[in-house]
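There are 2 protein chains.
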Amino acid sequence: MTTPQMLLAIQIANGYGAQPGAWRMPGVDPSGYTDMDVLVRHAQAAERGKIQLVFLADTPALTVDLEREAPQMAVDPLVVLTSMARGTERIGLVATASTTLNEPYTIARQFKALDVASHGRAGWNAVPTSSPAAAANHGLALPPRAEKYERAHEVVQIVQALWGSWERAAWVRDVAGGRFADTSKIRPVDLQGRHVASRGPLPIPPSEQGQPVVFQAGGGGNGLEVAARYASGVYANPFSIEEGRAHRTALRAAAERVGRDPDEVELFAGFMPSVASSRRAALDRRRRLDEVVDLDQRVTYLGAMLGLRLGAEQLDEPLTDQQLAAARPSPGDPRAPHTLEIAREGWSLRDVLAHGVIDYHPVVPGTAADVADHMQQWFEAGACDGFSLAIDVHADGIDAFVDQVVPLLQERGLFHRDYEGATLRDHLGAPDQYGLDPRLAGAAHASS
Amino acid sequence: MTTPQMLLAIQIANGYGAQPGAWRMPGVDPSGYTDMDVLVRHAQAAERGKIQLVFLADTPALTVDLEREAPQMAVDPLVVLTSMARGTERIGLVATASTTLNEPYTIARQFKALDVASHGRAGWNAVPTSSPAAAANHGLALPPRAEKYERAHEVVQIVQALWGSWERAAWVRDVAGGRFADTSKIRPVDLQGRHVASRGPLPIPPSEQGQPVVFQAGGGGNGLEVAARYASGVYANPFSIEEGRAHRTALRAAAERVGRDPDEVELFAGFMPSVASSRRAALDRRRRLDEVVDLDQRVTYLGAMLGLRLGAEQLDEPLTDQQLAAARPSPGDPRAPHTLEIAREGWSLRDVLAHGVIDYHPVVPGTAADVADHMQQWFEAGACDGFSLAIDVHADGIDAFVDQVVPLLQERGLFHRDYEGATLRDHLGAPDQYGLDPRLAGAAHASS
Numbered sequence: 001m002t003t004p005q006m007l008l009a010i011q012i013a014n015g016y017g018a019q020p021g022a023w024r025m026p027g028v029d030p031s032g033y034t035d036m037d038v039l040v041r042h043a044q045a046a047e048r049g050k051i052q053l054v055f056l057a058d059t060p061a062l063t064v065d066l067e068r069e070a071p072q073m074a075v076d077p078l079v080v081l082t083s084m085a086r087g088t089e090r091i092g093l094v095a096t097a098s099t100t101l102n103e104p105y106t107i108a109r110q111f112k113a114l115d116v117a118s119h120g121r122a123g124w125n126a127v128p129t130s131s132p133a134a135a136a137n138h139g140l141a142l143p144p145r146a147e148k149y150e151r152a153h154e155v156v157q158i159v160q161a162l163w164g165s166w167e168r169a170a171w172v173r174d175v176a177g178g179r180f181a182d183t184s185k186i187r188p189v190d191l192q193g194r195h196v197a198s199r200g201p202l203p204i205p206p207s208e209q210g211q212p213v214v215f216q217a218g219g220g221g222n223g224l225e226v227a228a229r230y231a232s233g234v235y236a237n238p239f240s241i242e243e244g245r246a247h248r249t250a251l252r253a254a255a256e257r258v259g260r261d262p263d264e265v266e267l268f269a270g271f272m273p274s275v276a277s278s279r280r281a282a283l284d285r286r287r288r289l290d291e292v293v294d295l296d297q298r299v300t301y302l303g304a305m306l307g308l309r310l311g312a313e314q315l316d317e318p319l320t321d322q323q324l325a326a327a328r329p330s331p332g333d334p335r336a337p338h339t340l341e342i343a344r345e346g347w348s349l350r351d352v353l354a355h356g357v358i359d360y361h362p363v364v365p366g367t368a369a370d371v372a373d374h375m376q377q378w379f380e381a382g383a384c385d386g387f388s389l390a391i392d393v394h395a396d397g398i399d400a401f402v403d404q405v406v407p408l409l410q411e412r413g414l415f416h417r418d419y420e421g422a423t424l425r426d427h428l429g430a431p432d433q434y435g436l437d438p439r440l441a442g443a444a445h446a447s448s
Numbered sequence: 001m002t003t004p005q006m007l008l009a010i011q012i013a014n015g016y017g018a019q020p021g022a023w024r025m026p027g028v029d030p031s032g033y034t035d036m037d038v039l040v041r042h043a044q045a046a047e048r049g050k051i052q053l054v055f056l057a058d059t060p061a062l063t064v065d066l067e068r069e070a071p072q073m074a075v076d077p078l079v080v081l082t083s084m085a086r087g088t089e090r091i092g093l094v095a096t097a098s099t100t101l102n103e104p105y106t107i108a109r110q111f112k113a114l115d116v117a118s119h120g121r122a123g124w125n126a127v128p129t130s131s132p133a134a135a136a137n138h139g140l141a142l143p144p145r146a147e148k149y150e151r152a153h154e155v156v157q158i159v160q161a162l163w164g165s166w167e168r169a170a171w172v173r174d175v176a177g178g179r180f181a182d183t184s185k186i187r188p189v190d191l192q193g194r195h196v197a198s199r200g201p202l203p204i205p206p207s208e209q210g211q212p213v214v215f216q217a218g219g220g221g222n223g224l225e226v227a228a229r230y231a232s233g234v235y236a237n238p239f240s241i242e243e244g245r246a247h248r249t250a251l252r253a254a255a256e257r258v259g260r261d262p263d264e265v266e267l268f269a270g271f272m273p274s275v276a277s278s279r280r281a282a283l284d285r286r287r288r289l290d291e292v293v294d295l296d297q298r299v300t301y302l303g304a305m306l307g308l309r310l311g312a313e314q315l316d317e318p319l320t321d322q323q324l325a326a327a328r329p330s331p332g333d334p335r336a337p338h339t340l341e342i343a344r345e346g347w348s349l350r351d352v353l354a355h356g357v358i359d360y361h362p363v364v365p366g367t368a369a370d371v372a373d374h375m376q377q378w379f380e381a382g383a384c385d386g387f388s389l390a391i392d393v394h395a396d397g398i399d400a401f402v403d404q405v406v407p408l409l410q411e412r413g414l415f416h417r418d419y420e421g422a423t424l425r426d427h428l429g430a431p432d433q434y435g436l437d438p439r440l441a442g443a444a445h446a447s448s
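Protein chains in written order, with UniProt numbering: chain E, 1 to 448; chain W, 1 to 448.
The shape of chain E in the complex, shown without the other chains (with noise of 0.2 Å):
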């Protein structure tokens, strides 16, 4: 193959999907949160769509009005991804944890662990935490984030070198011999940083892919050097083709500068497609979802990004010739030129914001062929290499994707026919790598 082909990831956090209103929707379960059977059945369907793997975005701490939302996370990464390992059989298992809030040894055992119990298929998203809630949970206040960045780059170190702490040979396993492993080969790192530090050796040989996959969120220059040194995927969220290229492009010259090959780091693109047999059914479909969200206080936020007064008595009806001849786009939101557009096509405001308008990521709402047609678009344009879909309910949302847009993507060329391995290191074409990254020695935060 010498055309690119682009890279799925699948948001799954809650059991119920990425809208607050799932929860509540037809055919979902409303106990899905503590529910592995749900959660697995979600990962099988992915996988039965040769999705390269389910990630699980963390905070931990509840971020969201319980009054009518579901909470954003699930109930515990480990947990959730060690019952999808047991369920799937190659789809690639990735979760945020925090290296501000954990220290490097637990998060290496409890990731490479994961990586063990599923035949080399896990990864690590890799990010500091933003939420002083969160900090909060933990007793602690949220540092500086420059030193927040400091601890990161620590954490990281120490954790690869801690995967990396048993030589491939190490585990040799020898029945006739009496030799369970070479101990020649297994090491302690006995590295100190500024803020984290840890002896080793972990007592965890390597995986089928040797040790998880890094992935990298979160923007800014800090963010970006985090990702160019460590990361094989970063999460990102643009809301137009030329964000995610300015993204991309800094990407990749900051990957090469510290020595790497741009194409070692995939950038995927948040986004939220709504499947349906028509734009007006997908409408309809979000509509429903959003009758458990506060309409009152979005059309006001709505007529915000539109330099706009706007109240919940226009719900109903479109912007007026008047308000259309008003409106300016608030320079601040990136979202509000696409809301210009869609409020000009003559939508009602409650039709607006059931497109998305104001989502945390593009929306499509729409058909298989509307969602493909923007996937397609994007691509090519190199806003990415990849995305990551937030459905807006699981329960019937990945089927729907599964069924409808992959086929499309497949016939266009655009997505693979099935997996090109076992781990997740082949689904991503990720470089071979064990322990520490040798062409990052001599810029080791973290010295022995």
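These are computed hints drawn from the structure, not numbers from a lab. Treat the hints loosely; a few may be bogus.
Repeated chains share a single entry, so a pair holds when one copy, or any two copies, can fit it.
Simulated crosslink set (EDC-like; lysine to aspartate or glutamate; CA at most 20 Å straight-line) [what the hints assert, rightly or not]:
(1) K148 / E225
(2) K185 / E67
(3) K50 / E420
(4) K185 / D65
(5) K50 / D396
(6) K148 / D399
(7) K148 / D373
(8) K148 / E313
(9) K185 / E411
(10) K185 / D403
(11) K50 / D418
(12) K50 / E411
(13) K50 / E167
Keeping the supplied structure of chain E fixed, place chain W upon it in accordance with the hints.
Positioned in the frame of chain E, the structure of chain W alone reads:
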């Protein structure tokens, strides 16, 4: 039922068995350490025998010589227990997590997630860490003992408070009314101790047993105090009926002092059965297991235990009459009197060692009846409320115990014939508890 019956836990750590040589025995998969299929099969075998729970002891460090022995711990307790949860229906799932090396929010979240995922079968063994290597893996030096126990109290109290941070009726899931939870019933814990703190709430609703069951292990007055206040089960390592009785009496008295019913705390005595068709066959099984251990060193140790100078040249000979006459069991080693008894029976030193006389639990190598007799004797003497079984080799040893010993115990009325309910709390007859025990509110170490 008015006759008390014993409780049984089975220690499943590394996938091979409790004996260092288990990994290389016939029928054992030498890769079992990382293979969840193997570990799940062991839990299924125990569940077939109606064993109340699986217990994973844990120290996050390499504690053995990997040249000849497998690690004594699981790759990760949470990954292994979650895998077991997916492959079993009833058996309890308990693991150690250090109160010294972990933050209470992390413990609370991970064990509660396992608890909801397993439908109310999780337990947490709350112990401070005494391993300098484990502390060094976390970049720490071990704190003084008093401080470790002060922190242990704070951690358990905050964990239990977090577990109770949703009232039982908080998770309404009212689909028609659009109400996910009643947030008037979900509150922060806002606990601040001297060592740890957490704001909360935990974003996890109650499980079928409310919250995980707390266990304790490790002795001394400090350990007893933790057990008395919080534990429903205690892992102890008595080497004699007298030791067991003394520990159990002290434990029950300590529980009473803090206002609990002493029957709320069950003492599990560590025990290593090696079941075979005869005592000779059991000894041969254990001799084969001993092939990887350094018998020269053990025979020297055996000599020290008996006040004799012994060497490997005598391995296949029994003690001489002169040696038996000169033997003086070491007063500092509670295993010494039993060792001398075995030696007096005329076994070769290799067979004396095969009796497990210097193992870390009492060992009975023999028939199912021998094993059942020992258990009955200890149980009826009040040395324990049950046993924590360290089976020599899991692959066939669990089946042997379940198929041969369990029926004998059942026939004698000493062990239940089926699980009493669906949750670990049901299996243990542990009283209902949710959040912190209100009887301990006045004694709280961590305050809001």
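Against the structure, the hints come out as follows:
1. K148 / E225: within (13 Å within a copy, 38 Å between copies)
2. K185 / E67: between (54 Å within a copy, 11 Å between copies)
3. K50 / E420: Intra 10 Å, inter 43 Å, cutoff 20 Å: intra-copy only.
4. K185 / D65: Between. Shortest inter-copy distance 13 Å satisfies the 20 Å Cα cut-off; intra-copy 51 Å does not.
5. K50 / D396: within (17 Å within a copy, 39 Å between copies)
6. K148 / D399: neither (39 Å within a copy, 51 Å between copies)
7. K148 / D373: Neither way: K148 and D373 sit 39 Å apart in one copy and 60 Å across, limit 20 Å.
8. K148 / E313: neither (46 Å within a copy, 61 Å between copies)
9. K185 / E411: neither (48 Å within a copy, 52 Å between copies)
10. K185 / D403: This pair counts as neither: shortest intra-copy Cα distance 48 Å, inter-copy 41 Å.
11. K50 / D418: within (6 Å within a copy, 43 Å between copies)
12. K50 / E411: within (14 Å within a copy, 53 Å between copies)
13. K50 / E167: neither (32 Å within a copy, 41 Å between copies)
Checked against the numbered hints given earlier, the structure breaks hints 6, 7, 8, 9, 10 and 13 and satisfies all the rest.
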